[in-house]
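Heads up: the sequence lines are chains A and B, in that order. With this note's numbering applied, the first sequence covers 1 to 293. With this note's numbering applied, the second sequence covers 1 to 237.
A hint or two may mislead.
Restraint-style ranges between C-beta atoms, simulated for each label pair [what the hints assert, rightly or not]:
#1 B:69 x A:121: 43 to 51 Å
#2 A:95 x B:72: 39 to 47 Å
#3 B:69 x A:103: 24 to 32 Å
#4 A:278 x B:72: 41 to 49 Å
#5 A:103 x B:112: 21 to 29 Å
#6 B:11 x A:278: 30 to 38 Å
#7 A:108 x B:52: 30 to 38 Å
#8 A:35 x B:118: 36 to 44 Å
#9 A:56 x B:13: 55 to 63 Å
#10 B:164 x A:71: 54 to 62 Å
#11 B:52 x A:157: 58 to 66 Å
#12 A:281 x B:23: 18 to 26 Å
#13 A:128 x B:118: 53 to 61 Å
#14 A:90 x B:13: 17 to 25 Å
Where chain A lies over chain B, by a calculated footprint (3+ residues, C-beta under 8 Å) [said to hold, decoys possible]:
#15 62-71
#16 78-84
#17 109-122
If you're looking for bench data, these hints aren't it; they were derived computationally from the structure. Everything numeric in this text was worked out from a predicted model, so none of it was measured. Built from N, CA and C at the ideal position, the CB exists for glycine as well.
Each chain is listed here by its residues.
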Amino acid sequence: MVEFLQFLVPGILIGGVYALLASGLGLIFGVMRVVNFAQADFMMLAMYLSWALFAGGVGLDPFLAVPAVFVLFLVLGMAVHWLFIRFVIGKRENHDAQVILTIGLGLIFQNLILIRYSSEPRVVAPSYANAGDFIGDIFISRVRLYAFLLSVLVAALLFLFLNRSRTGRAIRAASENWEAATYMGIDIDRTNRIAFGVGVALTAVGGSALVTFQSITPFVGFRFVVVMFAAVVLGGLGSVSGAFVGGVLIGIIQSVSQVWTSAAVKNVWVFALFLLILYVRPNGLFGKVQRAI
Amino acid sequence: MLEIADICAGYGGVPALRSIDFAVGQQEHVAILGPNGAGKTTLLKTISGTVEADSGSILFDGQDLLSQAPHRRVETGIVHVPQGRMIFASMTVSDNLRLGSHRRGARDRHDERRELVLEIFPALADMLGRDGGALSGGQQQMLAVARGVMACPRLLMLDEPSMGLAPRAADDIFEGIARLLKSETTAMIVVEQRAHEALEICDRAYVLESGEVALEATNRELLNDERLAAAYLGSEL
Ligand SMILES: Nc1ncnc2c1ncn2[C@@H]1O[C@H](COP(=O)(O)OP(=O)(O)OP(=O)(O)O)[C@@H](O)[C@H]1O
Ligand SMILES: [Mg+2]
Numbered sequence: 001m002v003e004f005l006q007f008l009v010p011g012i013l014i015g016g017v018y019a020l021l022a023s024g025l026g027l028i029f030g031v032m033r034v035v036n037f038a039q040a041d042f043m044m045l046a047m048y049l050s051w052a053l054f055a056g057g058v059g060l061d062p063f064l065a066v067p068a069v070f071v072l073f074l075v076l077g078m079a080v081h082w083l084f085i086r087f088v089i090g091k092r093e094n095h096d097a098q099v100i101l102t103i104g105l106g107l108i109f110q111n112l113i114l115i116r117y118s119s120e121p122r123v124v125a126p127s128y129a130n131a132g133d134f135i136g137d138i139f140i141s142r143v144r145l146y147a148f149l150l151s152v153l154v155a156a157l158l159f160l161f162l163n164r165s166r167t168g169r170a171i172r173a174a175s176e177n178w179e180a181a182t183y184m185g186i187d188i189d190r191t192n193r194i195a196f197g198v199g200v201a202l203t204a205v206g207g208s209a210l211v212t213f214q215s216i217t218p219f220v221g222f223r224f225v226v227v228m229f230a231a232v233v234l235g236g237l238g239s240v241s242g243a244f245v246g247g248v249l250i251g252i253i254q255s256v257s258q259v260w261t262s263a264a265v266k267n268v269w270v271f272a273l274f275l276l277i278l279y280v281r282p283n284g285l286f287g288k289v290q291r292a293i
Numbered sequence: 001m002l003e004i005a006d007i008c009a010g011y012g013g014v015p016a017l018r019s020i021d022f023a024v025g026q027q028e029h030v031a032i033l034g035p036n037g038a039g040k041t042t043l044l045k046t047i048s049g050t051v052e053a054d055s056g057s058i059l060f061d062g063q064d065l066l067s068q069a070p071h072r073r074v075e076t077g078i079v080h081v082p083q084g085r086m087i088f089a090s091m092t093v094s095d096n097l098r099l100g101s102h103r104r105g106a107r108d109r110h111d112e113r114r115e116l117v118l119e120i121f122p123a124l125a126d127m128l129g130r131d132g133g134a135l136s137g138g139q140q141q142m143l144a145v146a147r148g149v150m151a152c153p154r155l156l157m158l159d160e161p162s163m164g165l166a167p168r169a170a171d172d173i174f175e176g177i178a179r180l181l182k183s184e185t186t187a188m189i190v191v192e193q194r195a196h197e198a199l200e201i202c203d204r205a206y207v208l209e210s211g212e213v214a215l216e217a218t219n220r221e222l223l224n225d226e227r228l229a230a231a232y233l234g235s236e237l
């Protein structure tokens, strides 16, 4: 039992970060039906930014840098939407263009970083990087706890934004029925731009939460892209709360499976669960036919 | 107030409107009648901007509408209650109403407008916390009209507000609209299959057929002229 808990607790902690990473992808898909293959590379860029702020003389703690990362990536995401994404939204014949555009953006981000910083792994190690506390027999890593708490906080803020703010309501309305939303006087291009910016910023903050225990390379996105997509599909495509639950679930499975099998095959368990859930509920855990975010 | 001249529009090269002339005066109530596929919905969408006109002009208070984005047109007071209701099913009735007052000109009047729409459709008062999707068809239609009224329309466009409703539920809708028109001086366009009910609340009617205006007449002319009624309104009257 203790052994089980020793794996369960870290699983929940990392699952919270997966949830945050996935929520950005889920928000973007839910609102504008764009599968953003560059999402994990925005995360990678955010990790490099956190590293640069920490290691590059400023010495800024990665957790304290989060508000700045959020704002910068909100603006970056909105700019990318305005420059590129808005031209490939909507019509069915745009789907190929969306895939090529977002994969292309991801490749450009990876290679720009590769040119600038090489492929040498970077680490962000604040003074408390290896600190932790025992609760009973269970060790809880300080940085992973902070990462989890940050994810929960951001999730709560996202919930408030979508449910309580005017813009959040407009985004939900546009994602459910863009035509009806237009008749309410909602500017769909604007809600898409904001949702894209927020979606990118959420994943970016997830990246900042990771840097204290995940080394950074230009290709670190590949380590997380599968988890992000699996979480979004598990939760039900386009459901932000579903993406959250999916993320936590994947974190738990990855971790708890190590009670029985080695860490090398943890993702086999994830896919087994993935197939099982989709077999029982083809629309994901929270999927409905007519959906909102 | 609304002047439409020589409008042509269509879908992927197939014309749905052929040279439509159409007008609504200040505070006038106009019915659009006609068979399925005549182009009634397309005409409303061309006014609100979700269908682009191929040629022609639309003026609202003398201002060109066609050059404005759809959401800008709502800001001028043109409010479209679409066919098939299109309420936000996953959101509460309250949130649906709040979205009705999204536009700048209606934002500050939310509370006052909500009182008004709950007077017009008292049945909604008990449903405020429910999801739109959990309402009956009649209640959803009430919500769709109410959401439009929240936007403080200067020109309210209702597309088949009684579609798919049992006669009793349809009556509730028409009674609600009649109550609204007692307290509001808005102009209105009503597309309807139930011609009789529509003419009761309208001053004038257009009959559309195959994308053209087949007839334009006052409701008195239509209701009193059996030959016209039989030719254009079929067995409805
Ligand atoms: N989205 C669309 N794509 C292609 N053609 C369309 C579309 N919507 C309508 N049409 C066609 O345009 C024509 C006019 O349709 P419209 O919906 O305006 O008619 P309507 O008078 O509103 O009919 P109804 O009483 O059935 O609502 C019809 O021939 C219809 O098939
Ligand atoms: Mg129609």
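(request) Take a look at whether the Cβ-Cβ distance between residue 11 (chain B) and residue 278 (chain A) falls inside 30 to 38 Å. (result) Because 36 Å falls inside the window, the suggested range holds.
(message) I want to verify a distance hint. Is the separation of the beta carbons of residue 35 (chain A) and residue 118 (chain B) within 36 to 44 Å?
(response) 42 Å, holds
(message) Please check whether residue 103 (chain A) and residue 112 (chain B) have a Cβ separation lying inside 21 to 29 Å.
(response) 51 Å, violated
(request) Mind taking a look at whether chain A covers the segment 78-84 of chain B? Criterion is 3 or more residues with CB to CB distance under 8 Å. (result) holds (count 4)
(request) Confirm or reject the claim that residue 69 (chain B) and residue 121 (chain A) have a C-beta distance inside 43 to 51 Å. (result) 48 Å Cβ-Cβ, so the 43 to 51 Å window holds.
(message) Using a Cβ cutoff of 8 Å, are there at least 3 residues of the segment 62-71 of chain B near chain A, or does the coverage claim fail?
(response) holds (count 3)
(message) Between the beta carbons of residue 281 (chain A) and residue 23 (chain B), is the distance compatible with 18 to 26 Å?
(response) Cβ of residue 281 (chain A) to Cβ of residue 23 (chain B): about 54 Å, so the range 18 to 26 Å is violated.
(message) Taking the Cβ atom of residue 95 (chain A) and the Cβ atom of residue 72 (chain B), is their distance within the range 39 to 47 Å?
(response) 29 Å, violated
(message) Please check whether residue 52 (chain B) and residue 157 (chain A) have a Cβ separation lying inside 58 to 66 Å.
(response) 39 Å, violated
(message) Can you confirm whether chain A covers the segment 109-122 of chain B, using C-beta to C-beta distances below 8 Å and requiring at least three such residues?
(response) Result for this restraint: violated, n = 0.
(message) Is 24 to 32 Å respected by the C-beta to C-beta distance linking residue 69 (chain B) and residue 103 (chain A)?
(response) Roughly 31 Å apart at Cβ, these two residues keep to the hinted range, so it holds.
(request) Mind checking the hinted window 53 to 61 Å against the Cβ distance between residue 128 (chain A) and residue 118 (chain B)? (result) 56 Å, holds
In the structure shown, a violation is registered for the earlier hints numbered 2, 5, 10, 11, 12, 17, in ascending order.
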